[in-house]
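Given the coordinates of chain S, work out where chain X should sit on it, guided by the hints.
Heads up: the protein sequence lines correspond to chains S and X, in order.
Letter 121 of the first sequence, counting from 1, is numbered 121 in the working numbering, and no numbers are missing.
Letter 292 of the second sequence, counting from 1, is numbered 292 in the working numbering, and no numbers are missing.
No wet-lab data here; the hints were simulated from the structure.
All values derive from a computational prediction rather than experimental measurement.
C-beta atoms are modelled at their ideal positions from N, C-alpha and C, and glycine is treated no differently.
Across the chosen pairs, the derived CB separations fall in these ranges: (1) Glu205(X) <-> Met71(S): 28 to 34 Å; (2) Val175(X) <-> Arg280(S): 35 to 41 Å; (3) Ser336(S) <-> Ala350(X): 52 to 58 Å; (4) Asp72(X) <-> Lys282(S): 32 to 38 Å.
Every beta carbon over 10 Å from chain S, so not counted as near; a handful from chain X, in silico: (5) Phe16; (6) Ala309; (7) Val337; (8) Gln341; (9) Asp342.
Subject to a maximum C-alpha distance of 25 Å in a straight line, what follows is the list of computed SDA-like cross-link-like pairs (lysine to any residue): (10) Lys310(S) <-> Leu254(X); (11) Lys252(X) <-> Phe276(S); (12) Lys224(S) <-> Asp212(S); (13) Lys197(X) <-> Asp154(S); (14) Lys74(X) <-> Leu202(S).
Number of protein chains: 2
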Amino acid sequence: MARGVRIALDAMGGDFGPAITIAGAARALERRPDCEFLLFGDEALLQKELAAFPELAKRSQVRHAAVSIRMDEKPSVALRQGRRVSSMWMAIEAVKKGEADAAVSAGNTGALMAMAKICLHTIPGIERPALAALWPTLRGQSIVLDLGASVGADAKHLVDLAIMGSAMARIILHVECPTVGLLNVGTEEIKGVEEVKEASKLLREAQLPNLDYQGFVEGDGIGKGVVDVVVTEGFAGNIALKTAEGTATQVKTLLRDAMNRSLLTKLGALLARSAFEEMRVKLDTRNVNGGVFLGLNGVVIKSHGGMDAKGFARAVEIGYEMVREELLAKIRHTASVAHEQDAAAATASAIAARPQE
Amino acid sequence: MARGVRIALDAMGGDFGPAITIAGAARALERRPDCEFLLFGDEALLQKELAAFPELAKRSQVRHAAVSIRMDEKPSVALRQGRRVSSMWMAIEAVKKGEADAAVSAGNTGALMAMAKICLHTIPGIERPALAALWPTLRGQSIVLDLGASVGADAKHLVDLAIMGSAMARIILHVECPTVGLLNVGTEEIKGVEEVKEASKLLREAQLPNLDYQGFVEGDGIGKGVVDVVVTEGFAGNIALKTAEGTATQVKTLLRDAMNRSLLTKLGALLARSAFEEMRVKLDTRNVNGGVFLGLNGVVIKSHGGMDAKGFARAVEIGYEMVREELLAKIRHTASVAHEQDAAAATASAIAARPQE
Numbered sequence: 001m002a003r004g005v006r007i008a009l010d011a012m013g014g015d016f017g018p019a020i021t022i023a024g025a026a027r028a029l030e031r032r033p034d035c036e037f038l039l040f041g042d043e044a045l046l047q048k049e050l051a052a053f054p055e056l057a058k059r060s061q062v063r064h065a066a067v068s069i070r071m072d073e074k075p076s077v078a079l080r081q082g083r084r085v086s087s088m089w090m091a092i093e094a095v096k097k098g099e100a101d102a103a104v105s106a107g108n109t110g111a112l113m114a115m116a117k118i119c120l121h122t123i124p125g126i127e128r129p130a131l132a133a134l135w136p137t138l139r140g141q142s143i144v145l146d147l148g149a150s151v152g153a154d155a156k157h158l159v160d161l162a163i164m165g166s167a168m169a170r171i172i173l174h175v176e177c178p179t180v181g182l183l184n185v186g187t188e189e190i191k192g193v194e195e196v197k198e199a200s201k202l203l204r205e206a207q208l209p210n211l212d213y214q215g216f217v218e219g220d221g222i223g224k225g226v227v228d229v230v231v232t233e234g235f236a237g238n239i240a241l242k243t244a245e246g247t248a249t250q251v252k253t254l255l256r257d258a259m260n261r262s263l264l265t266k267l268g269a270l271l272a273r274s275a276f277e278e279m280r281v282k283l284d285t286r287n288v289n290g291g292v293f294l295g296l297n298g299v300v301i302k303s304h305g306g307m308d309a310k311g312f313a314r315a316v317e318i319g320y321e322m323v324r325e326e327l328l329a330k331i332r333h334t335a336s337v338a339h340e341q342d343a344a345a346a347t348a349s350a351i352a353a354r355p356q357e
Numbered sequence: 001m002a003r004g005v006r007i008a009l010d011a012m013g014g015d016f017g018p019a020i021t022i023a024g025a026a027r028a029l030e031r032r033p034d035c036e037f038l039l040f041g042d043e044a045l046l047q048k049e050l051a052a053f054p055e056l057a058k059r060s061q062v063r064h065a066a067v068s069i070r071m072d073e074k075p076s077v078a079l080r081q082g083r084r085v086s087s088m089w090m091a092i093e094a095v096k097k098g099e100a101d102a103a104v105s106a107g108n109t110g111a112l113m114a115m116a117k118i119c120l121h122t123i124p125g126i127e128r129p130a131l132a133a134l135w136p137t138l139r140g141q142s143i144v145l146d147l148g149a150s151v152g153a154d155a156k157h158l159v160d161l162a163i164m165g166s167a168m169a170r171i172i173l174h175v176e177c178p179t180v181g182l183l184n185v186g187t188e189e190i191k192g193v194e195e196v197k198e199a200s201k202l203l204r205e206a207q208l209p210n211l212d213y214q215g216f217v218e219g220d221g222i223g224k225g226v227v228d229v230v231v232t233e234g235f236a237g238n239i240a241l242k243t244a245e246g247t248a249t250q251v252k253t254l255l256r257d258a259m260n261r262s263l264l265t266k267l268g269a270l271l272a273r274s275a276f277e278e279m280r281v282k283l284d285t286r287n288v289n290g291g292v293f294l295g296l297n298g299v300v301i302k303s304h305g306g307m308d309a310k311g312f313a314r315a316v317e318i319g320y321e322m323v324r325e326e327l328l329a330k331i332r333h334t335a336s337v338a339h340e341q342d343a344a345a346a347t348a349s350a351i352a353a354r355p356q357e
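Just chain S, same shape as in the assembly (with noise of 0.2 Å):
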């Protein structure tokens, strides 16, 4: 049988901190029985929380760390006060360190980003890390990214995150070839900013391995899941993922006050309690928790900080396919080829413009 999966978990993060976290990993184990635990936090706290949970305890170690994040610490002001002695820091350090595989936190995105930068720094020929997390869509679930772990990209960037994104999306689609997009304006060639346009271009000439490039990608292309990725600069891709979910509670709250506006609707909503359960779970917002730091020397979870245990093991098991099924190799095989090709290209070119004999 295969080692287990180790993974670091950053027990302070989080709105409700271990009282999630723990109940989140022993959850997250019975499922993923060959889970291995390192426990970063207050270890009194931590010991508390375990006593609950003794299969959990089991496969758990403890290791003390005596800061805390706050959750909306400046992620400067979390680096200055948190590095080497936070809960968040160590359990990024153990994966740098080879003691784990993955770190999980559901802690300030910011700080988390940060740390994770500095700590495990990018895979060679990626420039900056990328945010990605699944999406619910009409016909299952696709991959979006960035979602702000920065704003901004040039052609490159996008296409590094095409790259990362194809990756991730292989592990949790279990497709070998997904399809890929280009969030824009319009599916016309002729629109959009510069970079994505750029970008389109060097996806459709690079003919990368395990990555179907599709064109451009509308906003209300990703709700129907026109492709398995979607790809979009960090600012564009945060205003689009926090809109969607906006969009959703509004039309849920509104569907809420209706059907409770006279007996007949309530009676209706009783009678059509399965239909609304259908929804809720494919709504919730649990299922799809887990946000993915791509383009790291590790493999790094974000958990909404707002979860329950039930969310937050969902964290833990996104963190436990993409190191069993090896995200990591998977980036650096198709980026190698990228870069090759990038490397050929600038040969010939070089080749081309030596004055002639």
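Leaving out everything else, chain X in the frame of chain S:
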């Protein structure tokens, strides 16, 4: 009584042409009986459609246009083939000549934008026009701009968008001093792209009349209706709009499918049909149809190309309201205050920069 409002219609625009635009104009006239129409398009076709609407025929003049711009035509080609001779151009030109107060088209957005800009030019001090639209929220409606009239924006353009959007909000939302937010990836002042942060500083300092600047808004704040006017650069704005449309469709599709799953759920849906009807009305995009091109020396309204007569009538009415409530005067007034401040600041810094004697 005040003079009627004269609307120039590109009667050939949209997916259905005169069949919808003429019926829509007739419907708008019922609600706004002081409208007059200049109808541009294929004269024979228009006369045929008009025959069914004698009231509209009395209040209309038909002007023959030899060319209709295709919905998928590139703006550059549309301009080359349609300048002076297309129904779209002629409708806009009627505004320029003072023969009409507003132009309304359901045609190709890019072509309409290009023609409007070339024909009408921007208001002094406004460098680039914008496209703004109503967005249904949990509190009612908000205005979001720019939705893709241009991509990319410096801080000055974002301030112009705030000025133009709040002028439109005063008319549509009937508030004297609309609240304004800048769309960003976080609500903290440290986040986001430089242009957005700089625009935030400018808006805080300027204290412009009829504009209550509230700071940053995240994507999920749009649907909550946290501000009357949401300002963003056109790429992100277009993606936010289409992503929201896609998500609303997605949730509605899930709901419909779930409700059709069994006899019991179908019965529930039947009993609760007033609730579904209420939702349908609240989410009916026809009620918010009519994008407003802002920043031009004239009122130009863009109807969604796929709208029916009811939706097109709403776009005509938005044009009507913009004229009646003097959109252009409102924009010019706030813009002139902003420019006086700019000039004063420039003078002050020139004085400060003078060598001391």
